[in-house]
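Novice: Sequence:
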Amino acid sequence: MSIALFLLTFLFPPRTISVPALALPSTVASLSPRPVAVAIPVMPLKKAPKTLSYTVTATTYWPEPDQTDDNPMETADGSIIPTRHSSKTRWLAVSRDLLSKWGGPFTYGEKVHVRGISDELDGVYIIHDTMNRRHRHCVDVLVSERECKKGGLEGRWPSIKLSKLPAVDPTWQAG
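According to UniProt numbering, the sequence shown is numbered sequentially starting from 1.
No lab work stands behind these hints: they were computed from the structure.
Incorrect hints may appear among the rest.
Think about it this way: if two alpha-carbon atoms lie no more than 16 Å apart in a straight line, the pair counts; the simulated EDC-like pairs of lysine to aspartate or glutamate are [claimed, not checked]:
hint, residue 1, residue 2
1, K164, D122
2, K88, D119
3, K101, D77
4, K150, E110
5, K88, D122
6, K164, E110
7, K161, D122
8, K150, E120
9, K88, E120
Across the chosen pairs, the derived CB separations fall in these ranges [what the hints assert, rightly or not]:
hint, residue 1, residue 2, range
10, N132, P14, 57 to 67 Å
11, R146, G78, 24 to 34 Å
12, L11, T107, 49 to 59 Å
13, G104, T9, 38 to 48 Å
14, T55, K88, 19 to 29 Å
15, R156, K101, 17 to 27 Å
We put the CB at the ideal spot given by N, CA and C, even for glycine.
Please model the entire structure based on the sequences and the hints provided.
Specialist: Given below as structure tokens:
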């Protein structure tokens, strides 16, 4: 309770007024309730788009202590990066603001579509890792150091489109 409300209640206490109960007419007292049909207009719901798209900055990384932590082959979700990995591994690290743990739209293990980097790196990725907390609206594409330096895959790309892929219902998969 605020001090002002306390002072007002103390200075001007509420007053109660007693009124004798009024008798209801006999016609009102004998009515019984009956169901009444009420038409309530139903407004159509706006559906969220099937795939949400986010604009992020993309960079590439490979597992080494300078770019990760003391255990570079283990990702934030506990997955182990294959020893002979390449850009075809299609694993992604996202900044914390994009993860649901910190209020973002994505979760570990979720598949996302990345567009706008290059023909070699665009495609579907699985989120396995988290970037350093200083990064915001960023993704890091896992590549091998050899590929990155020889193939020119090292770089920073602004305005990359990151789209959520719809969850697949396992009961409707082709068998």
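Novice: Can the suggested window of 17 to 27 Å be confirmed for the beta-carbon pair R156 and K101?
Specialist: Holds, since R156 and K101 (Cβ atoms, about 25 Å apart) stay within the stated range.
Novice: Keeping to a limit of 16 Å between CA atoms, is the pair of K88 and E120 held or broken?
Specialist: 9 Å, holds
Novice: Given a hint of 57 to 67 Å, does the C-beta separation of N132 and P14 actually sit inside it?
Specialist: 58 Å, holds
Novice: The hint says 24 to 34 Å between R146 and G78; measuring C-beta to C-beta, is that right?
Specialist: Given a distance of about 26 Å, which is inside 24 to 34 Å, the answer is holds.
Novice: Is the straight-line distance between the alpha-carbon of K161 and that of D122 16 Å or less?
Specialist: 10 Å, holds
Novice: Given the hint that K150 pairs with E120, does the C-alpha gap stay at or below 16 Å?
Specialist: With a Cα-Cα distance of about 13 Å, the restraint between K150 and E120 holds, given a limit of 16 Å.
Novice: Check whether the Cα positions of K88 and D119 lie no farther apart than 16 Å.
Specialist: 12 Å, holds
Novice: Check the following: the C-beta atoms of G104 and T9 are separated by a distance inside 38 to 48 Å.
Specialist: 45 Å, holds
Novice: For a C-alpha distance cap of 16 Å, please report whether K150 and E110 respect it.
Specialist: 30 Å, violated
Novice: With the threshold set at 16 Å, check whether the alpha-carbon distance from K101 to D77 stays at or below it.
Specialist: The given pair, whose Cα atoms are some 12 Å apart, holds under the 16 Å limit.
Novice: Below or equal to 16 Å on CA atoms is what counts here, so check K164 against E110.
Specialist: Measuring from Cα to Cα gives roughly 8 Å; hence the hint holds.
Novice: Keeping to a limit of 16 Å between CA atoms, is the pair of K88 and D122 held or broken?
Specialist: 10 Å, holds
Of the numbered hints stated above, the single one contradicted by the structure is hint 4.
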